[in-house]
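J.: Protein sequence lines correspond, in order, to chains A and B. Each residue of the first sequence is one higher than the one before, counting from 267 in our numbering. Each residue of the second sequence is one higher than the one before, counting from 107 in our numbering.
Simulated from the structure, these hints should not be mistaken for laboratory data. The beta-carbon is built from N, C-alpha and C at its ideal position, and this holds for glycine as well. Watch out, some of these pointers could steer you wrong.
Stated by the list, open to error - What follows is a set of in silico ranges between Cβ atoms, one per label pair, in the way DEER data are often shown:
{"no.": "1", "chain 1": "A", "residue 1": "L719", "chain 2": "B", "residue 2": "S185", "range": "39 to 45 angstroms"}
{"no.": "2", "chain 1": "B", "residue 1": "Q149", "chain 2": "A", "residue 2": "V662", "range": "55 to 61 angstroms"}
{"no.": "3", "chain 1": "B", "residue 1": "S185", "chain 2": "A", "residue 2": "E752", "range": "35 to 41 angstroms"}
{"no.": "4", "chain 1": "A", "residue 1": "V662", "chain 2": "B", "residue 2": "S185", "range": "30 to 36 angstroms"}
{"no.": "5", "chain 1": "B", "residue 1": "W147", "chain 2": "A", "residue 2": "R292", "range": "51 to 57 angstroms"}
{"no.": "6", "chain 1": "B", "residue 1": "L145", "chain 2": "A", "residue 2": "E501", "range": "41 to 47 angstroms"}
{"no.": "7", "chain 1": "B", "residue 1": "W147", "chain 2": "A", "residue 2": "D589", "range": "38 to 44 angstroms"}
{"no.": "8", "chain 1": "B", "residue 1": "W147", "chain 2": "A", "residue 2": "S571", "range": "53 to 59 angstroms"}
{"no.": "9", "chain 1": "B", "residue 1": "E160", "chain 2": "A", "residue 2": "V438", "range": "47 to 53 angstroms"}
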Amino acid sequence: MSFDLLVSVSLVYVGLLFVIAYWAERRALRGGVRWLRSPLVYTLSLSIYCTAWTFYGAVGYASRSGLEFLTIYIGPTLVLIGWWWCLRKLVRIGRSQRITSIADLISSRYGKSALLGGMVTVIAVVGTTPYLALQLQSVTLSFGVFAEGTPGSFPVPDQRATAIWVAGGMAVFAILFGTRNVDANERHHGVVTAIALEALVKLFALLAVGSFIVWGVAGGIGEVAARINASPLAEIPLDRSRWLALIFVSGAAILVLPRMFQVLVVENEDERHLATASWAFPLYLAAMSVFVIPIAAVGMSELPSWANPDLFVLTLPLAHGHDMLALLAFLGGFSSATSMVIVAAIALATMISNHIVLPLWLSLRAEAPGNLRAVLLTSRRLSIAGVLALGYVYYVWSGGGRELAAIGFVSFTGVVQVMPAAVGGIFWRGATRIGAAAGVSLGAAVWAYTLFLPSFGEGVVFSAATFADGPFGIGWLRPHALFGIEGLDPVVHSVIWSMAVNCAGFLLGSIASFPTPVERLQGAQFVNVFDYSRGPRGWSQSKAEAEDLLIMAQRILGPREAQDLFAAEARIQGKAGFLPDTTPDFLDRLERELAGSVGAATAHAMIGQIAIGTTVSVEDLMAVADEAAQIMEHSIQLQAKSEELSRTARQLREANQKLTELSVQKDSFLGQISHELRTPMTSIRAFSEILMDSEGMEAQERQRFAAIIHDEAQRLTRLLDALLDLSVLEHGQASLNRESVRLRDVIARALAATGSINPDRGLAVRRDTLDEDILICTDTDRLAQVFINIIANARKYCDAAEPQLRIAVQRRGGKVSVDFIDNGSGIPVQSQSVIFEKFCRLSDQSAAGSAGLGLAICREIMQKLGGAITYLPGQGGAAFRVTLPVESAEKAA
Amino acid sequence: MNGPRVPLFLERQSYRRRRLVDASRAVPVFGIILFFVPLLWPQPEPGEATGLAERGIYLFLAWGLLVAVTGVISVRLQSRLQEGAPEERAEGKDVL
Chain A
267 MSFDLLVSVS
277 LVYVGLLFVI
287 AYWAERRALR
297 GGVRWLRSPL
307 VYTLSLSIYC
317 TAWTFYGAVG
327 YASRSGLEFL
337 TIYIGPTLVL
347 IGWWWCLRKL
357 VRIGRSQRIT
367 SIADLISSRY
377 GKSALLGGMV
387 TVIAVVGTTP
397 YLALQLQSVT
407 LSFGVFAEGT
417 PGSFPVPDQR
427 ATAIWVAGGM
437 AVFAILFGTR
447 NVDANERHHG
457 VVTAIALEAL
467 VKLFALLAVG
477 SFIVWGVAGG
487 IGEVAARINA
497 SPLAEIPLDR
507 SRWLALIFVS
517 GAAILVLPRM
527 FQVLVVENED
537 ERHLATASWA
547 FPLYLAAMSV
557 FVIPIAAVGM
567 SELPSWANPD
577 LFVLTLPLAH
587 GHDMLALLAF
597 LGGFSSATSM
607 VIVAAIALAT
617 MISNHIVLPL
627 WLSLRAEAPG
637 NLRAVLLTSR
647 RLSIAGVLAL
657 GYVYYVWSGG
667 GRELAAIGFV
677 SFTGVVQVMP
687 AAVGGIFWRG
697 ATRIGAAAGV
707 SLGAAVWAYT
717 LFLPSFGEGV
727 VFSAATFADG
737 PFGIGWLRPH
747 ALFGIEGLDP
757 VVHSVIWSMA
767 VNCAGFLLGS
777 IASFPTPVER
787 LQGAQFVNVF
797 DYSRGPRGWS
807 QSKAEAEDLL
817 IMAQRILGPR
827 EAQDLFAAEA
837 RIQGKAGFLP
847 DTTPDFLDRL
857 ERELAGSVGA
867 ATAHAMIGQI
877 AIGTTVSVED
887 LMAVADEAAQ
897 IMEHSIQLQA
907 KSEELSRTAR
917 QLREANQKLT
927 ELSVQKDSFL
937 GQISHELRTP
947 MTSIRAFSEI
957 LMDSEGMEAQ
967 ERQRFAAIIH
977 DEAQRLTRLL
987 DALLDLSVLE
997 HGQASLNRES
1007 VRLRDVIARA
1017 LAATGSINPD
1027 RGLAVRRDTL
1037 DEDILICTDT
1047 DRLAQVFINI
1057 IANARKYCDA
1067 AEPQLRIAVQ
1077 RRGGKVSVDF
1087 IDNGSGIPVQ
1097 SQSVIFEKFC
1107 RLSDQSAAGS
1117 AGLGLAICRE
1127 IMQKLGGAIT
1137 YLPGQGGAAF
1147 RVTLPVESAE
1157 KAA
Chain B
107 MNGPRVPLFL
117 ERQSYRRRRL
127 VDASRAVPVF
137 GIILFFVPLL
147 WPQPEPGEAT
157 GLAERGIYLF
167 LAWGLLVAVT
177 GVISVRLQSR
187 LQEGAPEERA
197 EGKDVL
């Protein structure tokens, strides 16, 4: 067979895949996805689990380890037939939470943790890169087989060039069909259909080669059984620890391998497809492996011992001259490699762009992104190219010389480190971000130390001495015998230690830490997914109903505004009426309008509810809660402010009232003052005018008038003196000259000073001088002024026939009270409250010369002295009580 | 977690569906037992054949049995899932 034929067949095959994928995409766009998304296609798409490792490597694996190769199919078989336990929940969560990858699952479960998403992505990339290299290697090797088989007819079979061409072609395919759009669902109809076709090709190819070997070469089932039992295969003992460990690892891997998660969960169209896959996929796996032992046994007996068992599937038909069968087998292997690489590249690219590129991009650019879609698409395309480039680099670096199966288990064990966090997260609400991060990182570290780094061989990362004696001669740290546990197979050793450390870290970290609110909400939604989500639901997105939007907008914006907005939009779209098409532009505008009313997060959630038919995500809810909290805080501030304002207003009102009262007081005071001043002024003017016109006035008459003028002027002076005095006292400008004095002396002085008033009416004064013998500290002149005023009043106004004044001094508690009680008619009850007011005169008959300020001044003076003057009713006459604080008395004593 | 009104007994249809779910849950347990039988096989002495063909046939028979049982249960379960009301399909509650 010529190289040209091989290349053209490959190219035609790839072209066919392109056509199928393109056609499926078109059909999906037009909605004709019914049979494209049948349970059969779903099951076949799962077959990317069977990579070139399976197609070529299983035979090589079987020829070295006997039945052990079955473990990598038994694990997934057990997981699939137990779909009701775990897969069903995983798929339901993936659909209800719109999970896009295994990294997204873990990040989302643990409170949308960017750190965890990044960690899982890194582990996935590190774990998958050797696997990609493995696929490149197997395709390159299979090209090489044909080159060796027909020497001379090939141009130079440069393996690296072949690998570059293969990697480049796969990158183009993956970019074309894997990054066509950034759908929220991350479904790729074209790719899924293409890999379903590839699944059929590889199954058919392997079954064809197997049937040829069993019936064409060996001559029947009985013959094959005899050959198997006679072959060296039959003497290979079964390693029990590997049997257990590898079943566990492969079973866990099918849940968490990025590409398997992509087809199992992300590309799942209908939960019920899982029911079909639960038996159909194990059947597919059994069919893929049923001929492996026969091919290995026959190959070992027929082909020379130097032949690579990894390539028996190709070399056996070639050795028997069946070129077309070999070509079919080649296409089968090619299919296995391409389908795996394409899906893995898409899955990894999604993870890299969503969990590494985007967070970095967003954190580096402070402003809001304009077109995130373009960034996403570009980063995914670059990621696909980058992932394949990594695979190529690994292939070139590792030299492509090792057994296929060995690389596979290194990869599996690494990726499985994600499993405790993933499965624990969907069954245990107590799992926390800290626990998941601890488990994943510790497990990955142990895996890297015990399996990944040693897998490069002695002298590459670890020296031979490190393998033999441990790093720095620490024996219990030997990579293949941690803590001195020797004799274990390296893979089993790594699985046991990494899973033990991983689970311990996960459990302890989760138990010891406290989850954030988002984490707890997400945990509840994941673990109780069947309580919160409805049954299987189609993914057909219900179109936004303009009417529903209008109803909602009316509620928020008000009917007229909402109708205007909708009508305007309809006019722009060239429609009549109120219901425009719900284009993305319109939805954006509406959301902005609504956001003005209810906040951005709420508006987004509300539009999303109607337009996309999704449930509100936890983040939306948290954002709503944040906004609500802000609004509440704002309103609390407003309330505080309004309280403060009303307090101020109250104070202002009071101040205003006081000012008004003061103004009234001032007015009345001015009125009284002018009245008081005018009366003497009028008489002064009148009498002075008379004097001026008096030519022939008698001297006696003139004298009398001048005396009147003199008296009135004196009255005015007294009035003004009293006013000044009062003003000084009221404004606190009066200075007090405190001195020690005996109360008796003050009273005596006051009595002496008033002796000249009404001397014709004898006022009998009764006092007890013993009681008055109290030393006080006060302004003597001022106190005497008060006493004089009171005694003068008694002299002036006491209307008793035999007026008498009794002065009684008493010590009451901390005060000294001096009562002045006369035996007159006293002050009427209704007047008692006003006698201390300014210009208060009860009668004016005998009040010539009184300004009515005396008692007001007394009150001011007593306040200044720290005492008080009050009217004492019920004493059988006018009675005033002057109270002085006793402190001043004691201080003096 | 359960609502206030959880029926204690179910009608025949739902009862059958729940037993199918039980069966579906039990299959992997049998699968584990069947696939762990090789751990009991005696190790061959050096140079002695093990009857590899028969052992392989056992594993594939077990495999086929599991596929058949799972197939029967899944197909029945699937048809009942389609019939059931949405909340019936959700199957969150453990009712008999």
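J.: Next step is simple, just say for each hint if it's right about the structure.
T.: Outcome of the hint check:
no. : hint                                   : verdict
1   : A/L719 with B/S185: 39 to 45 angstroms : violated, 52 angstroms
2   : B/Q149 with A/V662: 55 to 61 angstroms : violated, 41 angstroms
3   : B/S185 with A/E752: 35 to 41 angstroms : violated, 55 angstroms
4   : A/V662 with B/S185: 30 to 36 angstroms : violated, 53 angstroms
5   : B/W147 with A/R292: 51 to 57 angstroms : holds, 54 angstroms
6   : B/L145 with A/E501: 41 to 47 angstroms : violated, 19 angstroms
7   : B/W147 with A/D589: 38 to 44 angstroms : holds, 41 angstroms
8   : B/W147 with A/S571: 53 to 59 angstroms : violated, 28 angstroms
9   : B/E160 with A/V438: 47 to 53 angstroms : holds, 49 angstroms
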